[in-house]
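In order, the protein sequence lines correspond to chains A, B, C and D. Each residue of the first sequence is one higher than the last, beginning at 677 in this note's numbering. Each residue of the second sequence is one higher than the last, beginning at 677 in this note's numbering. Each residue of the third sequence is one higher than the last, beginning at 5 in this note's numbering. Each residue of the fourth sequence is one higher than the last, beginning at 5 in this note's numbering.
Where hints are given, some of them may not hold.
Unchecked claim - Derived pair list, reagent style SDA-like, types lysine to any residue, alpha-carbon separation capped at 25 Å:
no.	chain 1	residue 1	chain 2	residue 2
1	D	K30	C	Y92
2	C	K147	D	K82
3	C	K30	D	P100
4	A	K686	D	S137
5	C	K156	D	K156
6	C	K158	D	K30
7	C	K72	D	K156
8	B	K726	C	K30
9	D	K139	D	M95
Honestly, the hints are just simulated from the structure, not real lab data.
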Amino acid sequence: MKILYFAWIKERLNRSQDDLELPKNINNVNELMAWLESNDEQIKLAFENKELIRVAVDEELVEHDFDITNAKTIAFFPPMTGG
Amino acid sequence: MKILYFAWIKERLNRSQDDLELPKNINNVNELMAWLESNDEQIKLAFENKELIRVAVDEELVEHDFDITNAKTIAFFPPMTGG
Amino acid sequence: MAKNSPLVRLQAEIFDPAKEYNQFLKQNTGAGGAAICFTGLVRSNPDNPIVKLTLEHYPALAQRQLEKFANIAFERFKLQNISLIHRYGAMAVGEPIVQVMTISAHRQAAFDGANYIMDWLKTDAPFWKIEQSAKGKNWVENKACDENAKHKWKTD
Amino acid sequence: MAKNSPLVRLQAEIFDPAKEYNQFLKQNTGAGGAAICFTGLVRSNPDNPIVKLTLEHYPALAQRQLEKFANIAFERFKLQNISLIHRYGAMAVGEPIVQVMTISAHRQAAFDGANYIMDWLKTDAPFWKIEQSAKGKNWVENKACDENAKHKWKTD
């Protein structure tokens, strides 16, 4: 699965993406975030304030309980500040 | 006193202004309108639907009960349709 | 930063909406984060095509009312600049009739300032439209929705 | 009358707001009575002047979201045409970041369409601003008022 990072999340992790094989028991965004945090101290810090983390699954904005069983690309980013 | 007419009021009266000496007992717009109607059949027809008649006294939009004792110019016109 | 004050122009001549907007944006000092340009255009009616639109106006009162609305919007929405152009006389379909431009630090103020001016101008600026079509000349009637549109700016 | 559909352009290059507005107005068939052009500009801060603004973006999602907001506005407000341009990359103070143009028969629809798109774009289009000033680089924080601005479009 492809994981993308943007803005200050990308900056803190010092990388813009990961390619990962997820364990079978990870079914939604919340579970994915917990698993990423458990494996990476930097992600744990970046995700500290959960409600600030916005998520897109296969180019669609979703909530943290969104099912990712068949997802190809998951993106994590801070609140958007365009326009 | 100068009386101005605009839009379809002007068209119906076939003139854009009158210069009139008002009787002493005319103190507000309502009284002026009644007096104009009593002297001019065309004005009576044009003013038939009173709530459609908008009034400006000395270049200020006013209600029909506005005092005109010291007014110089009074304009009568239909609802505005600019913009 | 120079303090701008609203500019109001009444004219018979046609104007170029984009050129006016360009001139307006050039006055931005760097403090402007959001600009609005509203253009009112002569619109045809598919069921009864308009050949010509003529606007009659009451010059002194028109100038005064437009300045009044622009000044109120300028203060109320804390705008950095306003420019307002309104035409009178004869015009063809597609031509601009009116343009209001606002600029401010934040977007909602720019939107509201332009919207406020247009809502008031529609019912309280002395212009009257005559549409000319194949069916003849017709004084355009005012719309109840224009009268109601002003209510959204009530403060009380 | 040809049926237009919203046009969305994502680009790094600067654009000319007035020129874009001119192009947009040229597409009017005569049915348009009211056009809006909103321009978002790089704004400086008097207390801490901005040297450069950089917008990072998520290209595929940005294009998708902008198209989504434009299409919803197009249908909801019965607009005749919409054009939306959003930049990414580095830009200087005073430069345009975003422009949304709408045209419709009546003015409130044109205002609302542009306002709707801007309100949604602010919080739900994947762009992130970094301001560079003498004090260094700073990721711009989102504002609660932008989140609240969307509430005015609730239908239920």
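(message) Does D:K82 sit within 25 Å of C:K147, going by the straight-line distance between their CA atoms?
(response) It holds: about 19 Å lies between the C-alpha atoms, which stays within 25 Å.
(message) Run the distance test for C:K158 versus D:K30: straight-line Cα separation, threshold 25 Å.
(response) violated, 36 Å
(message) Need the status of pair A:K686, D:S137: alpha-carbon distance at most 25 Å?
(response) holds, 21 Å
(message) Can you confirm whether the C-alpha distance between D:K30 and C:Y92 stays at or below 25 Å?
(response) holds, 22 Å
(request) Please work out if B:K726 and C:K30 have their alpha carbons no farther apart than 25 Å. (result) Answer violated: B:K726 to C:K30 is near 48 Å, above 25 Å.
(request) Given the hint that C:K72 pairs with D:K156, test it: the Cα-Cα distance must not exceed 25 Å. (result) violated, 28 Å
(request) For the pair we were handed, C:K30 and D:P100, check the Cα-Cα distance against 25 Å. (result) holds, 12 Å
(request) Starting from C:K156, check that the Cα of D:K156 is at most 25 Å away, please. (result) Distance ~13 Å between C:K156 and D:K156 Cα, so the pair holds.
(request) Compare the distance between the alpha carbons of D:K139 and D:M95 with 25 Å, and conclude whether the hinted pair is satisfied. (result) holds, 18 Å
Hint compliance for this structure: hints 6, 7, 8 are broken, all remaining hints hold.
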